[in-house]
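Student: Here is what each chain is made of, one letter per residue.
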Amino acid sequence: MGKRNKTTQIIILVVILVLGGFAVSSAFKKPEAPKEGSTIPDLPLQQLNGSVVKLGDYKGKALVLNFWGSWCEPCEREMPTLQKGSDEWKAKNVEIVGINYGEDPLVVQNYMKKVNVHFTMLLDQKKKVTEAFGIRPLPTTFFVKPDGKVHAIHIGELTQSQLDKYLQEITGQ
Amino acid sequence: MRFDNTKCECGHQNAIGTVLCEACGKPQHEEPALDEVLEMRYDGVARKSQKANPSIIDRIWNFFSSVKVAVYLIVITLIGSMFGTIYPQESQFINIDASLYYKQSYGTMGHIYYLLGLSHTYESWWFITLLVMIGASLVICSLDRVLPLYRALHKQKVRKHGQFITRQRIVYQGDIQDSPNTWLDGMSKSLKKRGYKIVRDEDALLAEKNRFSRWGPYINHIGLIIFLLAVLARSIPGWHMEYYDAFPQGQPKEIPGTPFYLQNDHFTVEYYGEEDMPEQFVKEGRVIAKLFETKATLYRCVDKCDELAAEPVLEEVMKHDIRVNEPLEYEGLMVYQFDFDLTPRLVAVKPVLENPQTGEVYGQFELKINRTETHYEVGPYTLELTHKFMDFGLDENGKPTTKSQDPNAPAFIFMIKGPGLPNEGEPYMYFPLQKDKVKFQQDVINGEIANKFDLHVQSMNDVTLSESTSYLNVRKDTAMPFIWIGAAISMIGLIMGFYWQHRRIWLRLDGQQLALGAHTNKNWYGLRNEVARALQAVDIEVDAKSIDRGGSKA
Chain S
0 MGKRNKTTQI
10 IILVVILVLG
20 GFAVSSAFKK
30 PEAPKEGSTI
40 PDLPLQQLNG
50 SVVKLGDYKG
60 KALVLNFWGS
70 WCEPCEREMP
80 TLQKGSDEWK
90 AKNVEIVGIN
100 YGEDPLVVQN
110 YMKKVNVHFT
120 MLLDQKKKVT
130 EAFGIRPLPT
140 TFFVKPDGKV
150 HAIHIGELTQ
160 SQLDKYLQEI
170 TGQ
Chain C
0 MRFDNTKCEC
10 GHQNAIGTVL
20 CEACGKPQHE
30 EPALDEVLEM
40 RYDGVARKSQ
50 KANPSIIDRI
60 WNFFSSVKVA
70 VYLIVITLIG
80 SMFGTIYPQE
90 SQFINIDASL
100 YYKQSYGTMG
110 HIYYLLGLSH
120 TYESWWFITL
130 LVMIGASLVI
140 CSLDRVLPLY
150 RALHKQKVRK
160 HGQFITRQRI
170 VYQGDIQDSP
180 NTWLDGMSKS
190 LKKRGYKIVR
200 DEDALLAEKN
210 RFSRWGPYIN
220 HIGLIIFLLA
230 VLARSIPGWH
240 MEYYDAFPQG
250 QPKEIPGTPF
260 YLQNDHFTVE
270 YYGEEDMPEQ
280 FVKEGRVIAK
290 LFETKATLYR
300 CVDKCDELAA
310 EPVLEEVMKH
320 DIRVNEPLEY
330 EGLMVYQFDF
340 DLTPRLVAVK
350 PVLENPQTGE
360 VYGQFELKIN
370 RTETHYEVGP
380 YTLELTHKFM
390 DFGLDENGKP
400 TTKSQDPNAP
410 AFIFMIKGPG
420 LPNEGEPYMY
430 FPLQKDKVKF
440 QQDVINGEIA
450 NKFDLHVQSM
460 NDVTLSESTS
470 YLNVRKDTAM
480 PFIWIGAAIS
490 MIGLIMGFYW
500 QHRRIWLRLD
510 GQQLALGAHT
520 NKNWYGLRNE
530 VARALQAVDI
540 EVDAKSIDRG
550 GSKA
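Protein chains in written order, with numbering that gives the first Met the number 0: chain S, 0 to 172; chain C, 0 to 553.
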């Protein structure tokens, strides 16, 4: 068996390894919704004034993403809690952001007046962000650490004590 | 270390593992029964993997070069793919939470199924690993055998060792009457007539036909390798897509990952009438669908595709009536009919603003239910939308609210400004659907202003309904042509091996004494008759059966 044969063997095995590795690795990297411990995607969202923010812009801050809809009763019940949390924690490098599920800006504005909140609200009119986050029931709240990693996902209504506990955890305070 | 003397008595240096001398064909290892039929697989040459002192790379190579291993791999893969058929796979559902679905639908067994990852068997790492290993085995098994075999068949020696000839399965030995040269000429002619290629070397002769059929299995393997590579290539981003989605009539919907939008223009379902069905079916009250059809338009987004709020600018690409087995096809994108829902949904209305006292119509405007505009100019009046409810209702405090995100009971509150009205305007509530107008008492809510204004649609022409929702299955499979090419090559290989056989006849004359041996890789019956007839042409009468020594070795 000559040297040339050996080289051919190695080349063939390497090609198989590379192709196979690529194929097998594809089984692991499905575009899945963020889970606890994964980094949130840097997706753009529309503000009520029409300008665009990206989720990555909030990097460096502890971030709370609250997905809601105007028809959802538990969402409405927890809104004052979120507003209170926003007022108390804003100075401690925390951003609480509401993400509305596909409704018109007018509906969102009226809703904010009705439930008397004024923390940051973002629009997801094409429902792409909600989809990327794999949201099913509303409300769902993501607690994200300053490094962009998801600390916890809370499904359903939040109480004040739960919110404070999560906020303490993600800020380390 | 094992040391073998691998030099044949004819002087040829063979590789380790050689069964029959590469040159003269003499058996290299003495076997107990000296006249036993020879092992002719791969013409007795050593496979690439047979060598002394294998290194690690050789060991990996040897593992994959084993046909036994290949069979095990195939069997394991078959068993593995059976697991994927126990419960439906995740990819078959439009929108489920798999972590709950399997438990709810199939109980604990279902949950275990999900936890084991069998709900996506064919995308799992172990299944793909098995496919990759089968691929490796295909490549290495083939190379390991085809190269030595090619070399052996390419430089065949005509004059073979006596033992090689007499230990073939088909053997004839006897004396000839003519002079050797005349006899060989006659035999050549007779064999040529039967399609053999003849090579002569003094008193020895080799006749051969259909050698190409030996390459059939390897061509088949090349096809299978292309097939497998194509299947694996589906994981290249953008190569493969399959999902199910709801397409409400009249609303273009984005096909994710592509610049395309698809719109369901109209959906039709037709059923067989009683007169079209057998009596038995009518008695059983069966309903059988005759036609499912979605008239669809495919658009390409040309502008504002990635903007968050703006409507994308679409350009029509094609129209197609999607029916069962007649998908819409465009640039590898395929859309199949899957399901439907005939619940109508309000899309838009074109109400007129009218003075109910005089009947004077001030103007008409279009009001979209989704993504509604907030400002309208109607004759001398302006209407500012201040509130919108998709599914109007009252909460426990008696305040207006929306009960869901679906337009089941849409309601709008406008601030009307204009002649004869206060500067800040007057609110007017509008329910586009008549049932809601009555149920929620639109006129009572509006009070005084109801005497000045009435918003209503004049005819059904001014109402845009989504009559139905069509559920479609969207597929894209760039790898498909390669899968077909692979399958076609593989078929060619199979046919080559199925319908032709590699037949060889060796003969040598030692003086007047003839020794003839013949070999084929299958259809021994055909070969022995052919040999008998060829001999008959040179006046040697033999019974075809008597020259076949039988045996199982091909």
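Heads up, a few of these hints could be off.
[Claimed, not checked] Stretch-level coverage of chain S by chain C, calculated; a stretch enters the list once three of its residues show a Cβ under 8 Å from a Cβ in chain C:
| id | stretch |
| --- | --- |
| 1 | 33-47 |
| 2 | 65-76 |
| 3 | 148-159 |
Please keep in mind that the hints were generated in silico from the structure rather than gathered at the bench.
Backbone N, C-alpha and C define an ideal beta-carbon position, used for all residues, glycine too.
Student: Now, for every hint given, state plainly whether the structure supports it.
Tutor: Quick rundown of the hints versus the structure:
1. 33-47: holds (count 3)
2. 65-76: holds (count 4)
3. 148-159: Result for this restraint: violated, n = 0.
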